[in-house]
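Student: Chains as they are written, first to last, in this note's numbering: chain A, 522 to 1000; chain B, 522 to 1000.
Misleading hints may appear alongside valid ones.
Unchecked claim - For the chain B half of the interface with chain A, some residues (derived, Cβ under 7 Å), not all of them: (1) Cys558; (2) Arg562; (3) Pro563; (4) Val588; (5) Phe593; (6) Pro595; (7) Leu598; (8) Pro611; (9) Trp615; (10) Gly619; (11) Trp665.
To be verified - If you want the footprint, here are the derived chain B segments under chain A, 3+ residues with CB under 8 Å: (12) 544-556; (13) 620-630; (14) 641-649.
Source of the hints: derived by calculation from the structure; they are not laboratory data. The beta-carbon is built from N, C-alpha and C at its ideal position, and this holds for glycine as well.
Protein chains: 2
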Amino acid sequence: MEKKVNDITSMDVDFAQWYTDIVKKAELADYSSVRGCLVIRPYAYAIWENIQRIFDAMIKKTGHKNVYMPMFIPESLLQKEKDHVEGFAPEVAWVTRGGGAELEEPMCVRPTSETLFCDHFKHIVHSYRDLPVLYNQWCSVVRWEKTTRPFLRSREFLWQEGHTLHLTEEDARRETLQQLDAYETLLQDHLCIPVIKGQKTDKEKFAGAEDTYTCEAMMHDGKALQSATSHYFGDGFARAFDIQFTDKDNKLAYPFQTSWGSTTRLIGAIIMAHGDDSGLVLPPDVAPTQVIVVPVAQHKEGVLEHANALLEKLRAAGIRADIDESDNSLGWKCAEYEMRGVPVRLEIGPRDIEAKKCVLVRRDNGEKTVCDLEGIEDKIKEELAAFAKAIFEKAKKNLEDNTVDAETLDEMIKSQEGRSRFVRAPWCGDEACEVAIKEKTGLASRCIPFAKEHHTHDGGVCPVCGKKALHTVVFGVAY
Amino acid sequence: MEKKVNDITSMDVDFAQWYTDIVKKAELADYSSVRGCLVIRPYAYAIWENIQRIFDAMIKKTGHKNVYMPMFIPESLLQKEKDHVEGFAPEVAWVTRGGGAELEEPMCVRPTSETLFCDHFKHIVHSYRDLPVLYNQWCSVVRWEKTTRPFLRSREFLWQEGHTLHLTEEDARRETLQQLDAYETLLQDHLCIPVIKGQKTDKEKFAGAEDTYTCEAMMHDGKALQSATSHYFGDGFARAFDIQFTDKDNKLAYPFQTSWGSTTRLIGAIIMAHGDDSGLVLPPDVAPTQVIVVPVAQHKEGVLEHANALLEKLRAAGIRADIDESDNSLGWKCAEYEMRGVPVRLEIGPRDIEAKKCVLVRRDNGEKTVCDLEGIEDKIKEELAAFAKAIFEKAKKNLEDNTVDAETLDEMIKSQEGRSRFVRAPWCGDEACEVAIKEKTGLASRCIPFAKEHHTHDGGVCPVCGKKALHTVVFGVAY
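Bound conformation, chain A alone (with noise of 0.2 Å):
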């Protein structure tokens, strides 16, 4: 009856198909009859609900509250702001008919809610002392995409996006990078993905934004995954869907505006950033079940019920913890709490509750060390802080390993050779030469870096046009 659990591709033969494997294989999410749309299967929807929670502490401490706007966008909403249409337009799946009738106007189904939160912004938004707004939505989006793949890039998604406003410019461009700094604290200190925190060129920046800005991490392959964004609006989209509102001096002024996003991709990202060829590999804070407590000959007197009793004694310290009593065999059980990547694994027998101990097995590098089970708890809490540092330093060492530098367009193709690598080079700052760039090298602007050691190439020239350099951009193959 048992099913082999161990049975998946080796990320170094396939790597899409190792990551094909894991997603079907720990039960993360289902294709449906929708084509390009995901069935999001308990595993992966319980890793999302602990972003969630994180997440959401954090953009509540800081004064943001909860709201939620209509699913669809009628067509003359989503034409307000002339960059915005052009960059959703193409990509929007449109209702025409409801209740048995032609629409007297198509409505989108949102892709991003700027439109809507705007259309209500000009109804709440009178005087500088209704300002700012700071406003947060948890809801899916649509993005009728051509190809498609589990979390990375589907017709629908969840995510949050958030939406706020500001007396001045200042204020929102702090907004911005606050919220920037928060997505790159969720990343680094809860998923354990290190980023490299940047702007984005004009090119690449969000449709209707004046900047955007972005973290970017590597997955195991060398290829970037954008994590998460945010963007400032400047007074573009108040001017466009007329938001203004009464000053100190009883002027009317238009405010200015942010919005920032991350989605369920970031499943993809724990998957690609951490897995190895035994499946996945948890961040603690957010795997589903942080200890899972194995049984070992769980039919001789005795062990279930010590057991169960250090089960108790884990959640009863705030460790989410799990046990297996089913009458699969132990080495299936290793195997798929393996696959289902969950931290630490805590294996008790009869000898081991004859000498008050259990055998504690680490995921990432599968240490086993003998415990006792006396303040077992704060072993286990030491041991999930380890464990994350050890999957961040391990993710930062691909990141470092694989970041490298070049001043020509050949360098820039030659550091890809064998895989993908993040390549720092000079940049002019003409669009013409990063799309240049993209066209000879297949790389792609990830973001000007904000850190100073991403600085390698200033005052170096651009490789396509030959003049002065304006910055040092990090280059990549995305997902």
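Given chain A, put chain B in place with the hints provided.
Tutor: For chain B alone, kept in the frame of chain A given last:
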């Protein structure tokens, strides 16, 4: 600069306008540019988050797991179960274009997700070992209603929908009633709204269900609000979607299915079950703010300091407390938090501080009590519990006082004189008589009640055909 907050229509003058005034002035919802769709504003969304938190914990405790299904249903999938499609097809919205092209097959936006869950269940259920499947989803659904009212009936609303599969009919029926009880607990113990539990007549049951059960609540105006429903499907959907499993005897069998749901209309129920002419009255368990601290003469030295110390003391005790330090007048603040239905207001001024006291004002009855600051957190917890009990009892009195008995159509018509009431009446079980009652009295069957106290006409005769009654039915006018 102060806006008047308590300028709302009296519920005795115009109940519908009273409701609309509260929705607007307590900043619960805003009309959107999408006809029939609502903006759920932060205050209402925070109530919904509290409802979610409570109910989500309840269903997880009983082994349910959250998932996420696509929001679209291909036309062919919707059509698989005959009764279901007949019930829902007339009121769905259709997506016909996506990514710039006509779709090969139109998809509706989910009005409910039985078909999507079944499509997935077919992939994951193969053996009796895979049962039960206990899933739930929090999402938005769309039903293209002709007339809409905030929270009560809108084209898009938020809800949870549970979907479960079981080995036996008995298991599935137990689940159906267990979840009905969970809704009763949510409504009575947390929202302080008494309900009449019972079974829907065949005419009123969910499209595709064998049996539908309901919690019916009474609003201030004597009208019924169907507050949550739980459905037993038998194996009808399983057969339509060809979901089969191998049982213990190695034979193929169909599983038995349930679904159950509750929606943001619960926010409407809270308004209309507890609100008064000064505004909202919120049940403590779901009130975003349970206690508002209002400093008196806050410009005087030490007042804000002591008020904030009081706030922190309450928060440390796990009470959802806020403070209003704005420069609005005391009168304005009192009216504002009455409007918002905050259960307890604590006033603290220089004389209170000197006496180590504060003034506690209850939202439900306006009673003022001078309390010691020492031990105030325990006092507040007592008061919140007493508050919950008091508003439940008040709503229960309304339900009892306005539930009457009738034996004839004339008596049923007379029962509605002056105001709406619930009417218990005998019924033969024939749908034609149920339709005749609706036509002649305007009253729809709400449920066949479970509780013996409501079986006042068992053994009576049907007011339409004169045949022996099968049941006592609760009739009423419904939202």
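Student: Indicate, hint by hint, whether the structure satisfies it.
Tutor: Here is what the structure says about each hint:
Given the 7 Å rule on beta carbons, the hint for Cys558(B) holds: about 4 Å separates it from the nearest Cβ of chain A. A distance limit of 7 Å between C-beta atoms decides the matter here; for Arg562(B) the minimum to chain A is near 6 Å, and the interface restraint holds. Below 7 Å, beta-carbon pairs count as interface contacts, and Pro563(B) has one with chain A at about 4 Å; its hint therefore holds. The beta carbon of Val588(B) comes within 5 Å of a beta carbon in chain A, closer than 7 Å, and the hint placing it at the interface holds.
At a threshold of 7 Å, the smallest CB-CB gap from Phe593(B) to chain A is about 5 Å, leaving the interface hint in force. Residue-level restraint check for Pro595(B) holds (minimum Cβ-Cβ distance to chain A is 6 Å; threshold 7 Å). Interface restraint check: Leu598(B) against chain A, minimum CB-CB distance 5 Å, threshold 7 Å, status holds. Taken as an interface hint, Pro611(B) checks out: its beta carbon lies about 6 Å from the nearest beta carbon of chain A, inside 7 Å.
Restraint check, Trp615(B) versus chain A: the minimum CB separation of about 4 Å is within 7 Å; hint holds. Because the closest C-beta pair between Gly619(B) and chain A is about 4 Å apart, less than 7 Å, the hint holds. For the restraint placing Trp665(B) at the interface with chain A, the shortest Cβ-Cβ distance is roughly 3 Å, inside the 7 Å limit, so the hint holds. Here the region 544-556 of chain B counts 4 residues with a CB under 8 Å from a CB of chain A, which clears the bar of 3, and the coverage holds.
Given a C-beta distance limit of less than 8 Å, the hint that chain A covers the region 620-630 of chain B holds, as 5 residues qualify and 3 suffice. As drawn, the region 641-649 of chain B meets chain A at 3 residues by the rule of a beta-carbon pair under 8 Å; at three or more, the given contact holds.
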